[in-house]
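*Asks:* Whole structure, please, built from the sequences with the hints as guidance.
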Amino acid sequence: PKTFKVITKRKDKLFPLTSDEINRSVASHILKNAEIKVDVHNPELPLRLEIDKSRILVVGKRYDGLGGYPLGAAGKGLVLLSGGIDSPVAAYLMIRRGIKIAAIHFAAPPYTSEEVLKKIEALTAKLNNYQPHIRLYVVPFTKLQLAIYEHATSGYAITLMRRTMLRISTVIAKRHGYKVLVTGDSLGQVSSQTLESLVVINEVTNYPIIRPLATLDKNEIIKIAKDIETYPISILPYEDCCTIFPVTNSVTSPKLEDAVLFESKFDYESLISEAIRDTKKVDIRLDDEKEDLF
Numbered sequence: 140p141k142t143f144k145v146i147t148k149r150k151d152k153l154f155p156l157t158s159d160e161i162n163r164s165v166a167s168h169i170l171k172n173a174e175i176k177v178d179v180h181n182p183e184l185p186l187r188l189e190i191d192k193s194r195i196l197v198v199g200k201r202y203d204g205l206g207g208y209p210l211g212a213a214g215k216g217l218v219l220l221s222g223g224i225d226s227p228v229a230a231y232l233m234i235r236r237g238i239k240i241a242a243i244h245f246a247a248p249p250y251t252s253e254e255v256l257k258k259i260e261a262l263t264a265k266l267n268n269y270q271p272h273i274r275l276y277v278v279p280f281t282k283l284q285l286a287i288y289e290h291a292t293s294g295y296a297i298t299l300m301r302r303t304m305l306r307i308s309t310v311i312a313k314r315h316g317y318k319v320l321v322t323g324d325s326l327g328q329v330s331s332q333t334l335e336s337l338v339v340i341n342e343v344t345n346y347p348i349i350r351p352l353a354t355l356d357k358n359e360i361i362k363i364a365k366d367i368e369t370y371p372i373s374i375l376p377y378e379d380c381c382t383i384f385p386v387t388n389s390v391t392s393p394k395l396e397d398a399v400l401f402e403s404k405f406d407y408e409s410l411i412s413e414a415i416r417d418t419k420k421v422d423i424r425l426d427d428e429k430e431d432l433f
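Be aware that the sequence shown starts at 140, since it is given in the numbering used here, and climbs by one per residue.
Keep in mind that the hints were calculated from the coordinates and are not lab data.
Each hint should be verified, as a subset may be incorrect.
[Said to hold, decoys possible] Across the chosen pairs, the derived CB separations fall in these ranges:
no., residue 1, residue 2, range
1, Lys362, Glu335, 26 to 32 Å
2, Gly316, Ile169, 49 to 55 Å
3, Leu156, Lys362, 42 to 48 Å
4, Ala264, Lys318, 20 to 26 Å
5, Asp406, Glu342, 18 to 24 Å
6, Lys148, Ser409, 47 to 53 Å
7, Lys192, Ala261, 19 to 25 Å
[Claimed, not checked] Computed list of lysine-lysine pairs in BS3-like fashion (alpha-carbon distance at most 25 Å, straight line):
no., residue 1, residue 2
8, Lys176, Lys148
9, Lys282, Lys313
10, Lys420, Lys282
11, Lys239, Lys318
Glycine included, C-beta positions come from ideal geometry on N, C-alpha and C.
*Replies:* Written out as structure tokens, the structure is:
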């Protein structure tokens, strides 16, 4: 650059020099040591100094942030987080709109391995780049999943599992003050994400559900996943609870009465209560130094 301007902002008003005094002092030093001129109207290099009680930040170039709203400005939400590509992107988009998120994951040990939980924690840690502290709820889903596969036809298994996940997520959201549920559904992408399926799945809750990916196609979702660096983790070959059992002829237009009939064949409520009781909480955080930047 051939021209510059020093712009000082003092958050610490007890600093012994005024902003103008700092501007002149720093500019004088630069002029003595570099072949560059001052241009206060249209500088090629706006050199910004931000002074607080413990440090002075020197900013030579600004980069666009996420946009959207400050973290937490729009309330709190609970994201259903699988190990796939879509749900971490949905979480990121909600953070960007000012929602402070927590995540809930459904695990089915011993059918799902410890590696799956490590994958989920790694995805959550990537989201820490946008929200420095995220609480992760891990729900033991094995007994419910086995009961569903025992008492329902294979084609209804995914529908019933997702109804169950929404029931559990609703209880946890109400208990901990999350105002909305968030899913990674993309309309029509798979059989459980048709309009007919979503109507039957949604029937179990009166809680608001936001689906930020609803109108995006897979290529758009993958692009965002790569941008936020969750994609390489999402494609690691560890199965989640929705993929460990074979599903044949999954229905795209499930009937509510059939779903309710299948659920009436086993002790649904007690299994849900047990899963909620045994849910584990894990707090995923940035290290202290990075968290100070938020």
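*Asks:* Taking the earlier hints as the rules, which of them does this structure contradict?
*Replies:* Failing hints, ascending: 6, 7.
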